[in-house]
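Q: Listed below are the residues making up each chain.
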Amino acid sequence: MNFFLAGLCILITGGLMAWLLRRESVGLIGAIMGPLMALLAPIQAWRHGKALSISMPWNVPYGSFFLEIDALSAFFLAPILAISALGALYGFEYLIPYRNKRNLRSVWFFYNILVASMMIVVTAKNGILFLTAWETMALASFFLVIFEAERPETLNAGWSYLIASHMGTACLLVLFIWLGRLNGTLDFNGFGVAGAREAGFMFLLAVLGFGIKAGFFPLHVWLPEAHPAAPSHVSALMSGVMVKTGIYGLLQVYLLLGPGPAWWGWLLISIGALSGLFGALFALAQHDLKRLLAYSSVENIGIIALGLGLGMLGRTLNDPFLATLGFCGGLLHVLNHGLFKSLLFLSAGAVVHVTGTRDMERLGGLIKRIPWTAALFLLGAMAISGLPPLNGFVSEFLILLGAFRGISSLSPQVVAASATSIASLALIGGLAIACFIRAFGVSFLGEPRAKRAQGAHEVRWPMLFPMVVLAAGCLMVGIGSPWLDRPLTLVVAAISGQQSGQFLADSIPSLLSLTMLGTGFLVLVALLAGFRIWLLHGRPVEEALTWDCGYARPSSRMQYTASSFAQPLMNFFAAITGSTTRFKPLDRFYPVAAEFTTATPDIARTRLFDPVFRKVRHALMKLRWIQHGHPQLYVLYIAITLLTLFLWKLG
Amino acid sequence: MSVPSLVHMAIAMITAPLIFGIINRTKSLFGGREGPPLLQQYFDIAKLLQKGTVYSRTTSWVFRAGPVIGLACVLIALALLPLGPLPALCSFPGDFIVMIGLLAVMRFFTMLAAIDAGSSFEGMGASREATFSALAEPALFLCFAAISQKAASLSLSDMFLRHSGDATHGSAPAPALLAVALFVVFLAENARIPVDDPNTHLELTMIHEVMALDYGGPDLAFIFYASALKLWILGALVVNVVLSGIESAWAVLAGLFFLAIIVGAVESTMARLKLLRVPQLLIGAGALAMLTLIVAMG
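Just so you know, the sequences run in chain order R and D. Letter by letter, the first sequence follows residues 0 to 650 of numbering that gives the first Met the number 0. Letter by letter, the second sequence follows residues 0 to 297 of numbering that gives the first Met the number 0.
The following block holds chain R by itself, in its conformation from the complex (with noise of 0.2 Å):
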């Protein structure tokens, strides 16, 4: 625990004298050795395979400064600080053309506050200390997101975000004081739940709660918007290891709460599914390159919650095999979701870095020009589109094979939650395939589309090296995922509420040939090359152009663009996307100006929150009255509440 609180100080500290010294220089070297020194305690907590705590008095009413590395915290705190530091490392050179126009100190602090504000939400077991936490979490990250304030687009991506997570707290604080008014207390090692009609409300107050800061679809309306408008470290550390506190969260109230009936997993399979299906279907629609890496964070919640949902029916119906293999999945997707989202948020930022635009359209050709980034962002879209040998197949494999087991099962009710499982994450995959392709394709691939990518080059190293790493625990993921069983035993035991050692270790034999054929794989491709190239030796190898049905003049403006390649699928699934096209034809002999677009808004923005709050705001209007803008009756409002207050107390 003393390596927790050193690191913790490090990163405080640090935050603070980048402030006052106005160095950043402090701040990096805060933001990368304190979460490297605090990540020595989860290691610790793993090898001797007990929980590491540290209960101090705080002088709040309720609270007390009560931290545990437990299973479940310990799994969650690992990728956050091993994400921050290296995004630290990278944010120090990707800010750098910012130098001379920012402020970049108050960059530093706020990074260096959320992640330790993320430090203590996944350690906090007392409920004030977590809400502190939770809030600061937000406070920070919402100074993060509206870092370039100027342009309009960020600060409304800033105010929804805003909006957004204080209504999840408000969840969140009704939540808490509900268990607190039972038990008297706000530990929650002393939090148990009387009824069960009551604990059904407390989950959905969770659900609602955290799944606004998970990204629970039709929850997610901020996440497009505020992901996308941060500096890209810090979307990589919100969409990689930020949305996922609100997954840790709503485990953690699981736990406290006891195994319930079985709609609380179906509630979770079908905020999977939709979350899924949308989140994959509006990332195929977006153009912006880092909006459609936050709308696949939607769809990877999703698969998460698809796992954690079917591990929590397991749980209630008692199909140890598939509680234990929908939750095992379930948390790699964590962890996983962490390692290649930060890597493709990372790499999207290069891309930004060395052309200046987010746009798909105007990219293209980049393999060539930064041929380094290009590979690093290829493997993290093998890794979300769940292909072996990488991470993202192995967690989705977990998924799928608890799932194929249900269909086995005598319970109709986890057939049928089996069944909607399957064929949900099938079309989930095929269509985050079909997305990434295109987000690889338009952007790196072919010819450049508009000048700014034509000039581009490679990042240096400190943007590089941190990519290379995550890279490479996606593939470690991937090959070496039997050895991760002891974490992983560890926390779905936890959650599980049964020994889970067995069931887990029987799928060992499926990990192992994974790791197998994985390897088989890799070799069998370098073996193939070599005879490709062995084939090709000393025979001419000519460079023409593409074959383009004898026109020989191609342009770059010929070829497939982002949008054309998304619309089959955006035509079919028009119906529920909602998205809708414009056309005007040609219709002279002589050619005149057509007009041809396609715009896919967001459907729980445009069809669920738009009209509500616009019923809300014309209800509100009725007591603008109240606001006048005359400070001495705003004093009075005051005091007025106060002397209320007092009689009441008094009364």
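Dumping the calculated SDA-like pairs for lysine to any residue here, alpha-carbon to alpha-carbon at most 20 Å: (1) D/50 <-> R/541; (2) D/50 <-> R/534; (3) D/46 <-> R/541.
What the hints contain is simulated information worked out from the structure, not anything from laboratory work.
Position chain D relative to chain R; hints supplied.
A: Positioned in the frame of chain R, the structure of chain D alone reads:
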């Protein structure tokens, strides 16, 4: 690792291109032509392997890696394939998920390589392939759900062994529905009529062919060979399902050749569907698989 498994892998690797010969021969019989020799695909591959190659200036290493990775994928997938009673070289619970994953990797690189050439035609082919495979994926997974439920097993080798044992007291329509669903997926994944026409001469209407338009020499040979093996793998799955109950590897081999004749007959008697109709076909296949699952439960 067992000798029979190795033998059947070897048979597949040697015989796969012959399937194309049988399909083409059937088509020429229907058309009243003599047609190419049965071994034409072997001649083509051998000829291409001896040639040099020409690359487009637009392409990068992704284009060159595509055929190599594609071939590696099908070869590994082949190691997971049982043939009737002969178990796969490598068999474990969930091996079919890996097989589907490997075929997805192959598609992934084929599509990327197509986009890498920077031509509209190839981009269009990739876009269509992405669309249809995204919709074929749920159908394929649901087929496997139905098979694994019936066999109460999660590894391919077990599935087909036990599947054959249970066939007598299973409900009769289920295997037939399943076979139809799998057959549709098989046609779509291998770019055959009614989804794609391998003989079309117009770039605009191609799907799979257009993605290989800029390849030549050994790369094209790799692509031909890999698609023959892919046809073999998915075909063997269809045949394994249909021939449940017959415990002879020779029967399965004969079944594969018969399947090739059916494919040829379908291609001679049907036109390809309008592109907008293909998704409906694939969703129909998914619905059939789902129906199988429900029938088998009852």
